Amino acid sequence: MIEKYDFFLCDCSSSTSFESGTNSKDIKKTSVLLIRKLYILMQNLGPLPNDVILTMKLHYYNSVTPHDYQPPGFKEGVNSHFLLFEGEPVNLQVGLVSTGFHSMKVKVTTEAARVSDLENNLFQENNTTEIAHQGLDCDDEEEEYNNQIQRMNFVYSQQNSESSRKKRKVSEPVKVFIPNRK
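UniProt numbering puts the first residue of the sequence shown at 1, with every later residue one more than the last.
Derived by calculation from the structure, the hints in this document are not laboratory data. From a predicted model like this one, the values you see are computed outputs, not experimental measurements. All residues carry an ideal CB built from backbone N, CA and C; glycine is no exception. Do not take every clue at face value.
[To be verified] Result set (BS3-like, lysine-lysine): computed pairs, CA atoms no more than 25 Å apart in a straight line:
#, residue 1, residue 2
1, K25, K57
2, K75, K28
3, K75, K57
[Unchecked claim] Pair ranges (Cβ atoms, derived):
#, residue 1, residue 2, range
4, S24, L84, 17 to 25 Å
5, E76, D6, 34 to 42 Å
6, V174, V52, 18 to 26 Å
7, F8, E76, 42 to 50 Å
8, D11, I35, 16 to 24 Å
9, K4, V174, 31 to 39 Å
10, K28, F85, 14 to 22 Å
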């Protein structure tokens, strides 16, 4: 594996009132900044090999998802917590957008060697990238909701991202044959 992109989507409406104070301009601005930050990150990680394969998996919590549920276009997947990177994997916290009712957090895992190249490209003198985000951590349900827009630089850790993961169900895409396709 070379790169792994995690998009955590959370329905937070049970803990939010209509008077949360988040306005649509802030949400739009934060969303655009998150997309820009992800775009900059992808550009600076460099090109992928020509023989790259895309794998997509949906993870969702057993406690809130019926046992027999499978999203359309997906089949039950293998719940594997082993990620095989050639080098040392590093987790990048890209950012988070919260509407007060839903939130999306983006994380990227890649090889440490690719991150050192990234730091050389992004964090040169007078070239610091600062992106705003709003706070609600879907991974940690105990964390309090925070409406304030904060500055966030690329943060990474070398801890195993799978070790603290909650028990989740996995679905993989169904392979569909499309006739007359080259």
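Hints versus structure:
no.: 1; hint: K25 / K57; in the structure: violated (32 Å)
no.: 2; hint: K75 / K28; in the structure: violated (34 Å)
no.: 3; hint: K75 / K57; in the structure: holds (10 Å)
no.: 4; hint: S24 / L84: 17 to 25 Å; in the structure: violated (42 Å)
no.: 5; hint: E76 / D6: 34 to 42 Å; in the structure: violated (20 Å)
no.: 6; hint: V174 / V52: 18 to 26 Å; in the structure: holds (21 Å)
no.: 7; hint: F8 / E76: 42 to 50 Å; in the structure: violated (21 Å)
no.: 8; hint: D11 / I35: 16 to 24 Å; in the structure: holds (21 Å)
no.: 9; hint: K4 / V174: 31 to 39 Å; in the structure: violated (21 Å)
no.: 10; hint: K28 / F85: 14 to 22 Å; in the structure: violated (35 Å)
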